[in-house]
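Enquirer: Which chain is which? The protein sequence lines are A and B, in order.
The opening position of the first sequence corresponds to residue 2 in the numbering used here, with each subsequent residue numbered one higher.
The opening position of the second sequence corresponds to residue -15 in the numbering used here, with each subsequent residue numbered one higher.
Some but not every residue of chain A turned toward chain B, in silico, with C-beta under 8 Å:
#1 A12
#2 T25
#3 P104
#4 I168
#5 A169
Read the hints as simulated data drawn from the structure, not as lab findings.
From the three backbone atoms N, C-alpha and C, an ideal C-beta is built for every residue, glycine too.
Each chain, letter by letter, is given below.
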Amino acid sequence: MKADILVIEDAEHINELICINLETAGYTAVPFYDGDAVSEHLKQEVQYDLALLDVMLPGKDGFALLPELKAKNIPVIFLTARGDLASKVKGLKEGAEDYLVKPFEMLELLVRVEKVLGRYHKEEECLRVRDVEIYPKERVVKKAGVEIPFKPMEFDCLMLLVKYKNIAISREELLNHLWGVEFEGETRTIDVHIARIRKKLDFGDIIKTVPRIGYRLEDRK
Amino acid sequence: MKLSTKISAAAVGLLLLLSQIFSIWNLYKTKEQILNNTVQFEWKELEKDAREFEEKYKSKENYITGERAQKYWARVSFQGNLGIDSVLYYKKQELINNTPYVFAVIDQIKQKTGEAALEAQKYGMDADRCSRTFLEEIGETHLLILYQEINETFQMLRSRDISDIYRESREIFLQGMAAAFLLAFLLLVVLAIAVKRILRPFYGLRDAANRIAAGDYGGRIEKYGNDEVGEVAQSFNCMAQCVQDHVSRMEETNEKQRRLLGALSHELKTPMTGIQGYAELLQKVELSPERQAKALNYIEEECKRLSRLSVKMLQIVELSGEEQIEKEPLSVRELFEQAEEITRHRLKKKHISLQIEAGEEMIEGDRDMLLSFLTNLIDNARKAGSEGSTICLIAKEDGLFVQDEGRGIPKEDAARIVEPFYMVDKSRARKEGGAGLGLALCSQIARLHGARLQIESRMGEGSCIGMRWETDVR
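Work out the full structure: start from the sequences and follow the hints.
Expert: What follows is the structure, encoded as structure tokens:
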């Protein structure tokens, strides 16, 4: 159901880490460890929705692989250990959609992946968690077919939890995404919102409290 | 104030002062001489007149009686050639005055007879006769007054206007002054130009110093003579050269350290990304037990690697600061055996055997450092070698070497392999747990033992790496 993503990164552990992250968020991740293998693989009839590409690779490096991926119409996010401007600019200029500087946080990776995918595909019209249906465009939440009234902030909060289901989101991250980075509100506000969502949707066991971190919406098939 | 102005001003001021003192003294002396001459001349005239008067008067003296007659006769005798600019006194009373002045000298003479005698002597006068010289000043006019007693009855006075002498001397003084100032001005101009010429090399020196201060360390003085200024210029050039060398050396070191730091932070990023990522994953996602174990294992591995890296970095930083180490005599064979013991376990895993080729050589060195040197090289050889290959520790006359049968080092990498964090095959080296610091450490240890790192390698056949003594320091 969700997008297929190429993960091209030579450090095995990092590659695996990215794959686990993507799979947890519901994507299908395909790992590759060197440039030449990717080049070979692309010659076959394959289609991917996105590629995460490390710049420094054995065999063909990231900059060399970029045109080949572009030719297949696969959007690319660069992974780079270098924070220097020159390589970022070079990557973006040559057609990369975005870049990610190591070390990065999980949510940052997922948000960037989602943004790039969003640019290429239409957002899903309906998100489902058990008997609850969420329509992002109309901002409507239905439980068992009955529409339930949601305040805007509560709706955004629910969207974030549903989009990154199975991943815990910290109170700070929720605050930053809902109110913006500058907001210096109390993390208690989040707890209040979560309590209301739980009550309205009867999600007491679905939105789990993760000690010392935040909340996680669990929905495993 | 500029140096040339200072020197010129001082010279001109001194010249003016000295020349004025001299000319004033000179003028004074000359004036005194002229006055003296005038006084002598006038005295002679006065005495001549006095004699003439006396003779004339005495020729008829016997026929004259009574004061009236006497006065009359004296008046007649005084007329004629005599008595121009003169006064005749009769018993200290003015009798005839041919001058336009009235004199009041008689009273003064009474008081100063003692001095008068001395003065008369000075001008070669008859000291018996009471005589006296005066210099009187009436406004602008200077008068020379000479007084003599001819006898008890008659006294004579002669005056002479000597204003001319004073005026002329003043004029000469003023002219001299003007001439001195003119000369001083000339001197000022000439001196200023001359000093500026002499100082010209200093301006070059100044400009060069400014260039160096502005950061252009290549600034030099091109032209200089053989004088003291030239010597200064030469010393300056010498100094500039030293500064330039020093600065470029420091820049080199700086650049090296900057590169090292850059490499280090880059080297830290990969493990940090992994550790951070897996830790976050463990916190936020409910993973399967196998995946959890894997993530924890990975975090542990990376942490170990980081700590190895920091230990080696510390060693390198410490060693690169040191110049001297404490050395003790060591048996090479013992050293080799210790190195084998340390690495035995690791080598066994890959079924690599270690051979020792050493006699009874002794070397001077630090045991721990040399062991670290050998184990580093053995580890490298182990990573390069295939299963079941052999590593050979060799002690020769000219050094200690570790030989392997590994894959060798590509030629283009051989020069850079000593640089910290340089790895020929990055992803493989990381897999083996390397940090890229081993050879950098080895080269520092070799340097401290008076040796240099020698790398000989053939692709596919193996490498021989070790320390070769620079001189015979054993």
